[in-house]
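Chemist: Those protein sequence lines, which keep their order, are chains A and B.
Using my numbering, the letters of the first sequence correspond one by one to residues 384 to 754.
Using my numbering, the letters of the second sequence correspond one by one to residues 59 to 291.
Bear in mind the hints are in silico, worked out from the structure with no lab data behind them.
Since the model is a prediction, treat every value here as computed from it, not as a measurement.
It is possible that some hints are incorrect.
To be clear about the criterion: a stretch of chain A counts as covered by chain B if any three or more of its residues have a C-beta under 8 Å from a C-beta of chain B, and this derived list gives those stretches [to be verified]: (1) 390-402; (2) 746-753.
Just the calculated beta-carbon pair ranges, DEER-fashion [claimed, not checked]: (3) Ser254(B) - Ile684(A): 24 to 30 Å; (4) Gly178(B) - Arg398(A): 37 to 43 Å; (5) Glu258(B) - Ala743(A): 37 to 43 Å; (6) Phe386(A) - Gly78(B): 37 to 43 Å; (7) Arg286(B) - Ala743(A): 34 to 40 Å.
Quick reminder that beta carbons are idealized off the backbone N, C-alpha and C, glycines included.
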Amino acid sequence: MTFLGLVARNLARHRSRSALTLLGISLGITTVVALGVITAGLEETANAMTRAGGADFMVAQEGSADLSFSRVPEETIADIAAQPGVASARGIFLHIVKVGSNPFFMLMGETPADLAIQAPDLASGRLLRPGAPNEIVLGSKAASDLGVGVGEDVEIAEGRFRVVGIFSGGGTWERAGGYAPLARVQDLARSEGAVTIVYVNLEPGADPVDTARAIETAIPDVVVVTGSGDYAQVDQGFTFLDAANRAISFLAVLIGGIGVTNTMVMSIFERTREIGVLRAVGWSGPRVVRVIITESVLLCILAAAVGSGLGVLAAIGVTRVPAVAGFLVPAYPIDIFVRAVIVALVVGLVGATYPAVRAARLTPMDALRYE
Amino acid sequence: MSESPIVTPGPGEVMVAFRGVTKTFEEGRLRALDAVDLEIAAGEFVAIMGPSGCGKSTLLNLIAALDRPDEGACVVAGHDLTRHRDLNHYRARDVGLVFQLDNLLPSLSALENVEVPMVGQGRGRRARQARAAELLDFVGMGARAHVRPPQLSGGERQRVAIARALANDPPLVLADEPTGRLDSASSGRVMDLLQSLQRERGTTLVVVSHDPKVAARAGRIVHLLDGRVVDAA
Chain A
384 MTFLGLVARN
394 LARHRSRSAL
404 TLLGISLGIT
414 TVVALGVITA
424 GLEETANAMT
434 RAGGADFMVA
444 QEGSADLSFS
454 RVPEETIADI
464 AAQPGVASAR
474 GIFLHIVKVG
484 SNPFFMLMGE
494 TPADLAIQAP
504 DLASGRLLRP
514 GAPNEIVLGS
524 KAASDLGVGV
534 GEDVEIAEGR
544 FRVVGIFSGG
554 GTWERAGGYA
564 PLARVQDLAR
574 SEGAVTIVYV
584 NLEPGADPVD
594 TARAIETAIP
604 DVVVVTGSGD
614 YAQVDQGFTF
624 LDAANRAISF
634 LAVLIGGIGV
644 TNTMVMSIFE
654 RTREIGVLRA
664 VGWSGPRVVR
674 VIITESVLLC
684 ILAAAVGSGL
694 GVLAAIGVTR
704 VPAVAGFLVP
714 AYPIDIFVRA
724 VIVALVVGLV
734 GATYPAVRAA
744 RLTPMDALRY
754 E
Chain B
59 MSESPIVTPG
69 PGEVMVAFRG
79 VTKTFEEGRL
89 RALDAVDLEI
99 AAGEFVAIMG
109 PSGCGKSTLL
119 NLIAALDRPD
129 EGACVVAGHD
139 LTRHRDLNHY
149 RARDVGLVFQ
159 LDNLLPSLSA
169 LENVEVPMVG
179 QGRGRRARQA
189 RAAELLDFVG
199 MGARAHVRPP
209 QLSGGERQRV
219 AIARALANDP
229 PLVLADEPTG
239 RLDSASSGRV
249 MDLLQSLQRE
259 RGTTLVVVSH
269 DPKVAARAGR
279 IVHLLDGRVV
289 DAA
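Excised from the complex, chain A in its bound form (with noise of 0.2 Å):
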C-alpha cells in the first residue's frame, strides 16, 4: 500500500459520486480554457490586424468602444506621414457588413495607390486599378464562401462589384474579406472624408515608441496601436472579454470549490470511523489531513486534464461556426493550461480546507464513536 494508492482508493469507493464532481469541476475548466483559447485567438487576430500588410503600427480614433465605429479624418493621414521617423501612412475603412453566411465580412477601403505599396499576395488576377469603383479583390476565403472567381461579380453591402483578383496571405479575418476603392466603401458606409485606421510604415531605424509619442502629441484625439496590449484603447470589447474571462474563472473556482467541499464533506462524515481507526493505530492528524488534501487535489488535477481537452474541443468547435470563423483562429499558448492547472489546484485545496480542519479536529476517540 502507496501513500497515493490509499488517496486513489478512497476516490474510487464512490466512483459515480468522485466522477460526478470530477464532471462539474471539468466543466468550468473547460469554460476558463475556451474563453482562454478564444481570447487568446482574438488577440492574435488584433496583433495581426495591428500590423496588417506589413506595417509597424497602426492609428486610430482615441476611445472608439469598437474599432469599427474609429474615424480619423482623412487629412489626417497627411500630418501622420509627415512625423519624423515616418516612411509611409496608409489610410484604411473598415466596413463590417453581412455577406453570405459570414457577418463580419471585412469590406477593406483603400487607394488603389496605397493598396499597390502594400500589395497582399495575389493568388489570381490583378490589383484594383485608380478610376475603377466597382472593382474588387477578394481574400481566398471569402472567394471559396461566397463560390465566386475572378471576373464574376458579388454583391457586397448593397454595392455591386466585379472580382478582379483572389489574394492569398494575410490574416484570417483579411482572406475572410476583401479590398476595394476607399471612396466607394467610404459611400457604402455614409462615411466621407474619414478612414478607420491608418497604417503606418517606419523609415529604417527609426523608433516605434518615440514616433508613436510624436503622432500622439502632435495630433489630437488619435491614439497609436502597436498590440493587442493597446488594443483596450480603441475597442471596449476587449476590456469587455478579459474582465468576462477573469469573472468566469473567479465562478469556476467558487462553484468548482463548492462542488468539492460538498464530495470532501460527506466523504469524510462517512469515513469519521475509519479516520478514528487511523488515528487509533498511530497516525498523525497531519497524516489524515495530507491524505484528504490530496484527494481533493487529484481529482481537481484530473478535472483540469479532462477540462482542457474539453475546452479545447469547444474552442475549436465555436471557431468552426460560419458567424466567428473569417476572424478568429484559435491560439493555445501555455499559460491558459498552466491557469487552467492553477484553478484546478485551487478550487482542489479551497474543496479541502473545511473537511480537512474538520479532520483535524477529530480526537481518535470521537471519530470512533461517530455513528
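Please arrange chain B on chain A, whose structure you already have, making use of the hints.
Modeler: Same frame as chain A, but now just chain B:
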C-alpha cells in the same frame, strides 16, 4: 520525558499503572471511572469484566491513549501518558489495539490493512508487505491476504485485526470485546491467538470481555462496577 518507544519492563514489573484515575463524560454528569487504582504487570494476561457501562472500555481507551483522564495518572512502562507529547508514536509503536468491531478499512485488502500502522514508521514498502504477510500467516490468514474485509467472515476479520495490532510488535496488546460478535468456534480461535502472543512473545495482554470463557483464560480478572475496581485479585 523521552519520545522514544517505551522500554518493556521485565517480567513481573509494572507495565500499566492507574493512579487515582477519574474519567467523566457529559460535562461531569456521567462518571465512567472513579479514582481507579490498578496495576498490570509486564507479560500478564488480564481480563477486565463487569456489566455494561461500568467503565471497562474507558479504562482500555485510557491505556491506549485514545482518551485522557480528568484526574489521576495513567502510567505505561513508567511513562505518564498525560504528559506524553507524541501519542501518535505511542499508539503506533507501543500498543496494539483490537476492537470489538474489527474496524478494518474496507477499501484495503487484508494485507494492506495490516500495513496501515507501519506507514510512517520507518519501514519501506517491501518491508511492510513482508511483515504484513508474516503476521497474516501467523494468524492463519496468509491465503486470504489479498481479500478485502467485506469478503471475509467475522472471525477472519478479527484475525486480520489481531495481525494489524501486532504490526509494530508492541509490548502491550489491548482487546475490547474481541469475540463479542463471533461464534464459539471463531471465538476460541481468536482467543487462542491472543493467548499465544502472551505465552510465546511475553506480550502484556489486556482483554475487556463479558464472556466468562474468555475470562477463564486470563491469569487475572479485574472486576469493575460503577467505575470502580471491586476485585483485582
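Chemist: Work down the list of hints and note, for each, if the structure agrees.
Modeler: Cross-check of the supplied hints:
no.: 1; hint: 390-402; verdict: holds (count 4)
no.: 2; hint: 746-753; verdict: holds (count 4)
no.: 3; hint: Ser254(B) - Ile684(A): 24 to 30 Å; verdict: violated, 48 Å
no.: 4; hint: Gly178(B) - Arg398(A): 37 to 43 Å; verdict: violated, 28 Å
no.: 5; hint: Glu258(B) - Ala743(A): 37 to 43 Å; verdict: holds, 40 Å
no.: 6; hint: Phe386(A) - Gly78(B): 37 to 43 Å; verdict: holds, 42 Å
no.: 7; hint: Arg286(B) - Ala743(A): 34 to 40 Å; verdict: holds, 36 Å
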